[in-house]
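Novice: Single-letter residue listing:
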Amino acid sequence: MLKNRIIPCLDVKDGRVVKGINFVELKDAGDPVEQAKTYSDGGADEICFLDITASNENRETLIDIVRKTAKKCFVPLTVGGGVRTIQNITDLLLAGADKVSINTAAVKNVDLVKKASKKFGSQCIVVAIDAKKVSENKWEVFTHGGRNKTGIDVVDFAKKVEENGAGEILLTSMDKDGTKSGYDVDLLKTITNNTNIPVIASGGVGTLDHLYDGIVKGGASAVLAASIFHYGEFKIKDAKEYLNSKNVSVRL
Amino acid sequence: MNVTIVDYQSGNISSVINSFTEVAKGKVKIEVTSEINKIKSCDKIVLPGQGSFKSCVDSLNKISGLVETLKDFAITNKKPLLGICVGLQMFADIGYEEAETKGLGWISGKVSKIDNQNGKFKLPHIGWNEIEIQKESKMFKDIKNKSHMYFVHSYEFIPEDKSIISATTNYSSKIVCAVERDNLFGTQFHPEKSDKIGLKIIDNFLNL
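If you read the sequences in order, they're chains A and B. Going by my numbering, 168 is the number at position 162 of the first sequence; the sequence numbering is gapless. Going by my numbering, 274 is the number at position 151 of the second sequence; the sequence numbering is gapless.
For the record, the hints were derived by calculation from the structure and aren't laboratory data. None of the values given here were measured: they were computed from a predicted structure. We treat Cβ as the ideally placed atom computed from N, Cα and C, and that holds for glycine. Keep in mind that a hint or two might mislead.
[Unchecked claim] From the derived model, a few chain A residues whose C-beta atoms are all more than 10 Å from chain B:
#	residue
1	34
2	159
3	203
[Stated by the list, open to error] Dumping the calculated DMTMM-like pairs for lysine to aspartate or glutamate here, alpha-carbon to alpha-carbon at most 20 Å:
#	chain 1	residue 1	chain 2	residue 2
4	A	74	B	145
5	A	9	B	305
6	B	258	B	221
7	A	77	B	130
8	A	9	B	253
9	A	43	B	145
10	A	78	B	326
11	A	43	A	192
12	A	78	B	145
13	A	125	B	305
14	B	202	B	158
15	B	225	B	283
16	A	125	B	221
17	B	194	B	181
18	B	202	B	166
19	A	9	B	255
20	A	125	B	283
21	A	120	B	130
22	B	285	B	216
23	A	125	B	130
24	A	121	B	166
25	A	77	B	154
26	B	269	A	247
27	A	124	B	195
28	A	165	A	192
29	A	243	B	253
30	B	150	B	326
[Stated by the list, open to error] Partial list, computed: chain B residues near chain A (C-beta under 8 Å):
#	residue
31	173
32	222
33	228
34	316
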């Protein structure tokens, strides 16, 4: 059977891995190429790089890091941050990314998702959605690393990107990100119930039990986490053994 | 030995190049090309494929003489060829992604969308799944049954002759994930993205 994936995420800024709380107060957490290699050797099912400042500061994503990482890691590599054009996607794929994640540009122009999935295949187009709770069981899409409110309902948008050819949704709760208080399970459930493509849960992991909640309660196909792995609190192997012990199928 | 990865503008082949280069470690020459003469004279061919069945077939056909050259190589001369993902799917007579499209017709069969059982199974089938080895296979030398491989696809190859199936995987139903006939090999999964076990499969192909 298909295994639930564990994806360590490396937020990259100026060539270094960083981690912040609610997308601010960034702390240095190491070299991305080295860390990606450590994760892939440690059993990570995929690796994710997010160039967190690219969209805001108009920077291109870190092609060079992607190139170096792709030569050392033989598990899928997703790269996002500042992806605005077909050319951006082409550059990342040529550098060795397997999937590209589109965030702000997908909100501004969903046609980019359509064109990209047509050109490169849905399998390599991930749409990253940053969502914030606005009322009971209602979430709104935010862009620019969580800074800009769009007024767009997250369920409507998730369905729209699926229709336009997205292969996966990377769903981040802005309320939970960096808080270590667990995923927004209601948000996850709402999106996994309303779409037919895999959803990757993101934002809020502080314990291994949170990973379990994302998969079992939220219905996510994959769970993404950053800080619990970066600071050595847990190894990928710990997470997998824990999930396995709770009858969640993982690749051991 | 020369191994050619066919570059026919079928999307992203960087990972295929990286992984074969890693395994070859200078012992085997890896060439990435669409030049007919180079393809004709090499020892083994890797045919990757990303995107839709139709877009891959269209891209192959755009390069004059490529389809005939590949057929001479793999079918007439029975030299080793490995198709990966849509590279494998194109072995079929026909595919139904985007539009009904004629395949290479090397292995009788069709490529259809995986039955998602009314949304019970998410598509694409993305992630790590276990393979069930169905027959003795050169590609699976020293690979344990139920090893995990990385998949990403929404369509499946359904060959008429079941004896060519070397492995299946379970997702919605039993999906064909590897075929082997003489020196013609194909994997639906991505050995280039399947960690150390995937690299071992690439090694097996290079050592044929």
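Novice: Going back to the hint list, which numbers does this structure go against?
Specialist: Checked against the structure, the hints that fail are numbers 3, 5, 6, 11, 13, 20, 21, 24, 27, 32, 33, while the rest are satisfied.
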